[in-house]
Amino acid sequence: GDSVTQMEGPVTLSEEAFLTINCTYTATGYPSLFWYVQYPGEGLQLLLKATKADDKGSNKGFEATYRKETTSFHLEKGSVQVSDSAVYFCALTILAGKSTFGDGTTLTVKP
Amino acid sequence: EAEVAQSPRYKITEKSQAVAFWCDPISGHATLYWYRQILGQGPELLVQFQDESVVDDSQLPKDRFSAERLKGVDSTLKIQPAELGDSAMYLCASSDPLGGPYNEQFFGPGTRLTVL
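Residue numbers (the numbering used here), protein chains in the order written: chain A, 36 to 146; chain B, 3 to 118.
Keep in mind that the hints are not guaranteed to be accurate.
[Claimed, not checked] Quick partial rundown of chain B residues pointing at chain A, CB under 10 angstroms, derived from the structure: (1) P10; (2) R11; (3) Q43.
Calculated directly from the structure, the hints in this document are not laboratory data.
Beta carbons: idealized from backbone N, C-alpha and C, even for Gly.
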């Protein structure tokens with residue numbers, strides 16, 4: 036079946052550090068890929084998405100590139116802020132909107 | 003800005019009791035999802051509706067869980083009887099299928115269930 040594997044957390048960084056959160060996937064078919072963010076006590080919010088190979092999704096300084104050859108969709112940000120502290124979920128969608136999520140990576144950014 | 007509404011936000015119950023959660027999707031979104039998120043894990047799909055019809059309920063524990071979306075708008079998820087292992091966050095999401103086959107899902111704030 037479909038699956039998403041994220042790097043284990045938690046990840047702790049200092050403000051302005053570079054962020055990478057790894058995500059790889061296994062899918063039957065040709066998925067779209069997503070990163071969602073979840074702040075404490077809230078639901079998930081879409082951060083960025085990419086729908087085909089070599090697409091780059093970007094939002095709020097975060098980027099991720101759909102790499103079909105390595106089945107990866109790593110999340111990056113050049114300079115993190117304290118407000119980026121949250122849980123980040125990588126997800127894929129195949130058909131009819133059915134999504135498979137990774138287990139999430141907790142990011143803490145310290146001043 | 004349109005949002006997915008859920009209530010209650012928090013629910014504490016004793017095992018063997020019945021609980022119900024309510025979700026009101028974004029207006030016009032024909033697809034509605036219920037997810038269960040156990041602490042430290044990603045959301046797991048319980049049931050997916052297209053209008054009032056169930057599209058996928060393969061992961062719904064049907065001996066104790068039920069879901070309905072009678073008029074194709076809001077939805078209720080019920081657990082009866084609740085068990086200790088049901089303690090989790092229950093998330094509702096909706097999407098517009100006309101937005102394409104890989105359309106974005108919009109999530110509500112969730113209901114945090116604690117079973118004692």
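Go through the numbered hints given earlier and state which of them the structure violates, listing their numbers in rising order.
Failing hint: just 1.
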